[in-house]
Amino acid sequence: MTIAGAWICLLAPLAGALAITLAGRRISRRTAGWISTLTTFVAFAGALVAFFGLWAADPSDREQVSTAYTWLAAGDFEVELQILLDTLSSTMMLIVSGVGGLIVWYSMGYMAGDGEERRYFAYMSLFVFSMLILVQAGNFLLLLVGWGLVGLASYLLIGFWHHKPEAVAAAKKAFVMNAIGDATFALACVLLIWETGTLELLGVFDDVGSLSTTTVNLVALGLLGGAVAKSAQIPLHTWLPDAMEGPTPVSALIHAATMVTAGVYLLVRASPIFEAAPDVQHLAAILGAITLLVAGVVALVQWDIKRVIAYSTMSQIGYMFLAAGIGAYGYAIFHLMTHAFFKALLFMTAGLVIHHLDGEQDIRNMGGLKKLMPRTHIAFAVGALALMGIPIFSGFWSKDGIVAAAFASGDALGYTLYVAGLVGALLTGLYTTRLYFAVFRGEPSEFVKTHAHQGHGEGPRSMVIPVGVLTVLATIGGFVAIPGVWEPFLHWIDETAEPLVTATVAEDYGTSAVAVTLALIGFFIARRAFVAGRQIVRSADAWRVLEHKLYFDELYDALFFRPAVAISVALRRNVEEPVIERSLDEIGSGTIQVGGEVARVQTGLLRTYAIAIAFAVCVLVVVFVAVR
Amino acid sequence: MDGPDIGWYLIVAALMFGIGALGVMMRRSPLIVLLSLEIMINAANLTFIAFARQQGDLGGQIFALSVMAVAAAEVAIGLGLIVAMARRRIALDVDQASALRG
Amino acid sequence: MGNFLVWVIWFLAAGGCLASGVAVVSVTNPFYSALALIGNLASLAVLYLLLAAEFLAAAQVLVYAGAVMVMFLFVVAYLGGRADAPWAGGPPLLRTAAVVAAAALLVEIVAVLGLAWGDNLQDPAEVADSFGSPAQIGELFLTDHLLAFEITSIVLLVAAIGGVVLGTTPEKELEE
Amino acid sequence: MLTTALILLPVVGALVVAATPLPRATTAGLAFLVALMEVALWIVAASRFDFDDGGLQLGTSREWAESFGISYSVGFYGFSLWLTGAAVIVSAAAIGYAVWVGRDRPRAYHALMLLLTGAMVATFAAQDLLLFYVSFEAMLIPLYVLVGVWGGARRQVATLTFVVYTMAGSLLMLASVVAFGVTQGTFSLTESGTSDNVWIFLGFAIAFAIKAPLFPFHGWLPLAYREAPVEVAAVLSAVVSKTAIYGFLRIGVPKFPEPADDLSGVILVLAAAGLVYGSLLAFRAPDLRGVVAYSSIAQMGLITLGVFAFDDLGLDGAVLQSVAHGLVSASMFLLVGMVEHRCGTGQLASLGGMARGRPVLATVVLVAGMIALAVPGSATFAGEFLIMAGVYGQGWGYSAVVALGIVLAAMYTLRVISAILHVEPGVAVRDEALDLRTSELALVLPMMLVLLVLSAWPALVSESAFPANNATQAVLEAFR
Amino acid sequence: MIDTPSVDWLALSPTVALLCASGVALLATVIVPAWMRRGIAAATALAGFVVAAVLAGIVFDETPTPEILLDGSMVRDQLAAFAQVVLAVTGAVVVLVSWSEDRRDNHGEYYALLAAAGAGMVFFVGAENLMTLFLGLEWFSLCLYILVAIDSERETSLEAGLKYLIVGGFGSAVLLFGAAFVYGATGELSFAEIAVADTTSDAFLLTGLAMILAGLAFKVSAAPFHMWTPDVYQGAPSSVTAFMAAATKTAALVVTLRVLVTAFPDQSEIWTIAVAVLVCASLVWGNLAALAQSDVKRLLAYSSISHAGFMLMAIAANSERGGEALLYYLVPYTAMSVGAFAVVAARERELGRPVTLESLAGLGWERPWHGIAMWTFMLGMAGFPLTGGMFGKLFVFSAAYDSGDWWLVLVGVAATAVSLAYYLNVVRWMYMRTGPELRLVPAGGSPPRDSALSVAIGAGVLVTVGSFFAVQPILDVAADAAASLPF
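Residue numbers (the working numbering), protein chains in the order written: chain A, 355 to 982; chain B, 26 to 127; chain C, 83 to 258; chain D, 315 to 794; chain E, 275 to 761.
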């Protein structure tokens, strides 16, 4: 029953995707949306079944593996289509299918009238399916399959509006950067095959102890590469902001709630490997810390509403990486969950705004929407508060736990990370407040006055209800882990990934006090700046640097893309054409030329022929007599 | 045996062969080329006969006799060709018979 | 003494042979060339005699110098002046090459002769008087070399057909 | 007998098609029917094949030139049966495409296509060295004319270069065949032993390297793939190139274990270089066919890496990848043909925006493209992963190159997908360029479906490719 | 009283049959009214060749071991019989090719000479001493001189005849001189006895051998003794060219093999090298020069030079396997070359002018049967599979490799690669020209129906392809034939 729930959870979205694809134009666009939504909720139901089945099970029986068939085999090596159901994956299944279902539902309203909704919903279902493979996979290769398929779905959805060059470019960029991650992931798998002979998660974890340090480090690095690419962490982070070219629900689902957090899931899932390679694990934490700061700073200067949220996402995932890197797995997943709630909420409310404003995304053209869209305003505010980590909202519980854990780990690295986390809290306060004020407060801009839809409310029911649900979740989602009082969520996750550090209750609340203070400071600074009508970043130079996202794109362009093009062109000009192709021509025409010369010896003069024979006879005689 | 060694005969034959060959290779008139061929064949005949004497075997002489007939036949055909060419007003110059080449 | 006489005859015959050979090759007019060849063939007949090939010597004079060369002379006469061609001409390279080739051939054969001289060229086999007589030749032609004999006749027949085919003027052309 | 029937059916079909004066449409239909019957026959053969065993089956052997040790012996191993399957499916699709396009002089055209099919099947079935050579060469005869008569503007140069170049390789192989056969006293692959002569091995290796083609022996390829009729290019890259892999698997490695091992370093380096080189050139190729052509070089390099990994993973992966790449590259070429047919050009600069209003085309191109770039979960990914894992044993660097290849493949494939489908319509894309019709879809869809089935279950091929599912042992010992 | 030797008439019967045919054909020119001359002469010649083939087959069957006849004048063995069958069949096919050849008159003489030439070759391959060798050689050569020049209204025909005659005479003289030296060194004319005789002088023997080899190489048209070949092949009437390319080469190669193996076994170390040198020269020269040709007959002439190289490779192997390979090679080779020249002849008659590559344009599409046949022949010559040409090359290479001449195999491979360029070029011209180039320029209307020629071409295709599938029977026969030589 439990396992059947998991399988239903996995397969329902696939069935949805196939049904929509095969039905084609025979079903209406709305029907396609319903199919997608319902199958996702079926998946959620399956996930619930699995979750409660697991809940009810004996704690020793909370690691269930189910195998369908052998997917790939060669010699002794076999990879099976198998799922691993444990506390971690069941949690992820709930998040993915639950939040996914809400967002797909929301999409029905958001995408209405687009004209290609069938394609959209097929992609969405495909994505949910892929994401579920990823979280349920019982072995690394299947995990990699899910890993790649979510990348594919992400590519498809980012480039959904394929007539927009920016969208297509962003989609390609996302795919290629993810392919780099896939490649390192795959290399890690190769190493595992050679060193442990298996790719099954549990089998590998059993064997980790017997591996050499180098091997473990390399494997961990490979996995980290995949995680970094998927979760848009520095240095493979540049695709995420561009990915905002996709429809907003996509941003909510893929680039906030689920896919981009897959890296965190991987870090926690493969924690035995990372624990055996502490340096790499710390590297993950450091990368997370750097990302959370950089993204936070860059978010300060963005004008696009979605991009601000996107940078905020990077930043929040940085927290999760930090948590996973220091071994606070429970908090990493906890923050993953709350972040899924409030970030999805933020994106969806942003979507409502965009929808309301005819697709406008520039916050300079917004303002004063509080009056026009009061319910949206409340939802956004809840999301923002959760993001800033203001008490009782979900983000407060999860984020502060991470920072406290960093403090609790107690060494220099820990303290550094602790400081970074706190600075991040300040930054979060700053950019969130900036965004909130720019969009909802102040006077409506000219644009809003001319474009805002009057009279049809804030959005269709299919959009409003999911937002409402998420608003509730973003508010109360954190109560599943109140330090020192009631921490069932953390214990649940701990069963799969035993944490390396645990903050004391004092550390927890102490950190919270500091963090909340910092967030509030950020809030007030930003508010003052807004009221004064100026930006938070006042230096023009700094502004420019940040606007260019610290020149990462330019750097990569110069380091990788342009050299690749140059090498390709150079190879064609200097090797392929002149050497490989022309050498053939040369040999050919050269031979024919020699043939002409030879034929010219055939003068047609009879005497030549006789002379030739005479000479040949002479040579033959000499050969015979002299060589004798 | 009276007179010079067989070797001297052979030298004469060799010289004739060389002279004949030179004629074939040098002359442009087909008639003279034919004549030169005859000299070459006769050189071979002389060799045969000399060796027949040397070996005391008549086979060489028989061979030489057959060769005479063959040489006559060759001359007949050659002359026929030359006559045919002349009748078609083709220049009797082997250097000009070079339409076929390359 | 007889020995000396043989030497003299040999020298005369050999000299005549080579001289007429050179003449055949070098003379401009094919008519003289053909005449020179008759001389050549006749001197060869003398050499044949010295080599105990009496029948062959006779045949050489009768068949070759007689019949064949007469045919030759007829043709030369028939073609008249048109048969003339200059001695030299053509690419000079060709001329040089021809001389070199002929010389090389000659040198090689003479060298080979020199190599073989010591072996046994000095003591030819003892032969009976009947060696090379028409009777012996005839017998061999009818026994051991019967086939060669028959084939020789066929070759001559073929030559006859050839003469007919090549020599006859087609009817169409006669009408023209 | 079944194997012989599989070889003879298309040949007889070719003769019938060539000799019967039927109307155009009927001729083409007849040829397509024969091709479909061939597929059906292959399915029968596959159903009779014991995949758990995987050893030589469905074999027939007849004396041919027994005093020279030459016989007509055919039969299938698991991997050759799979390669044959890809061959017959691709052939049927190619012939179907030709029917759809309506090639001129259909009798000659279809007869040659069927002849080509027969030769390809014979190559994969050959268990006699000479028979292998014969069918290996026999493929060239129809190809020469197919490219030379029905090809593009520079077809004559293309076809001559192609045939002379590949023949030069094959003739070296002939020398090696002679040397091997004479020293062994038999040409039978099942009876002959092994040889440690490097030179003989080189003859084979160069022939296969040209046929595959491996870098830097690919000089004939760009022109041939560009100038050939598109379905012929499909067959070339999908099937004909795989005969080289069959050659390596059946002859190159098993019969020359020591030389193959000694030279594996060189071959691996060339294969790896080809993988990168082909990918890079594909990345900037200006036209559709160029991309597919150079990506073929890359893929063949990859497959060769798998073969010379000399372990289960690599060998099974090479077979799986051969089958998958065969199907996907044939699909790609046919799609290229359909696009070119609509737009009159394959220049990427003049294309674009075809996704709008052409959902079927867009979907099919996208699916084919995604499989081509080996998106995880696809059959090509499974093959690539196996090869990557297998070749690790020969050096971690090769695996890294394969990983690099994954990234590069993503780059060039996405580029071409976008160039066809996305952004604003290009100058050559007019409104009259319609979506794929059912008949066209019917040509590509079967291959796509097979690919999807293989994606869902790649073990089907990789597990049954070699006897007892032990590729290393099979190739290195049992085949000797 | 002279004891006339007993004559083995069966051994001579193929020769005699052809001679009779020749005589009857000749008589026909005199007796029969003009309008039926051609038919009767051709029928007679055809009958002669067919009967000769049958008789030779009988001889083959009834001669398990070689027999030397007429005091060493000739030999009756399976090698000769095999070659005789090939020659006679070739001749019969050539008769079919000649049937509708445009000739003013001389039909009777033409067929008479053809039969006589055939008789000469059939005799030649059984020659067992130097005298019969020379006489046989001259016999068919003289016939061919005339045949080449028989179209005397064409200047090129006369030119070819003159060239062939003079260069051929030069070659014969060299051969003769060589024969004299061999005779001088051994005192023997018969091959078998030359082999066992006490040689008085190695220098003489080797010089003689070199010159005999040169003379035979001339007939084989192996480079550098090949220079007459292109000119003569081009100038001669196409049917005669076909005959020369196939039959002369067959006869000369078989005899070369026989002479070298039976008469000079002790010198094999040297002559194998010399032959190998000829092989290389032929392969290089023939193939390279062929690349530059536009006249198809000339192209085929160069190709025949390169084939001479391949076949000599089998001789250079100096082994029974080599002999077998040579004899096998001859079968598809004769078929291919007769067939190819037949197609050229057909085209020539259709267009009324010499056939260049340009004038082949469109042949493949307009005359599908000729196109496919020519295609088969070209591929066969290039050694593609599905033709006996491939097995020919394979066996020759095997023989060479077996004898340790692996480098000859490589030369052969390179030569084949080069040869592809011009063989495929022919196919290219037939099938692949664009629009206007493909349009035929016929002399007018549809081509003359010529069923005899079609049958000839069909026979060529049949043998070319048939020798691929039926290798073993031919190989068995060839092995038997090769076994008659004392390797």
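Hints may be right or wrong, so weigh each one.
As the list claims (entries may be wrong) - Among the chain A residues that face chain B by a calculated CB cut under 10 Å, a handful are: (1) Asn571; (2) Gly768; (3) Leu960; (4) Arg961.
Hints listed in this document are in silico derivations from the structure and should not be mistaken for laboratory results.
Note that this is a predicted model, so its numbers are computed, not measured.
The beta carbon of each residue, even a glycine, is placed where N, CA and C say it ideally should be.
Hints, verified against the model:
Interface restraint check: Asn571/A against chain B, minimum CB-CB distance 73 Å, threshold 10 Å, status violated. Annotation: Gly768/A was flagged as interfacial toward chain B, and the flag is violated, the nearest CB pair being 91 Å apart, outside 10 Å. Taking 10 Å as the C-beta contact cut-off toward chain B, the hint placing Leu960/A at the interface holds, the least distance being around 5 Å. At its closest, the beta carbon of Arg961/A sits 5 Å from a beta carbon of chain B; the interface hint therefore holds under the 10 Å criterion.
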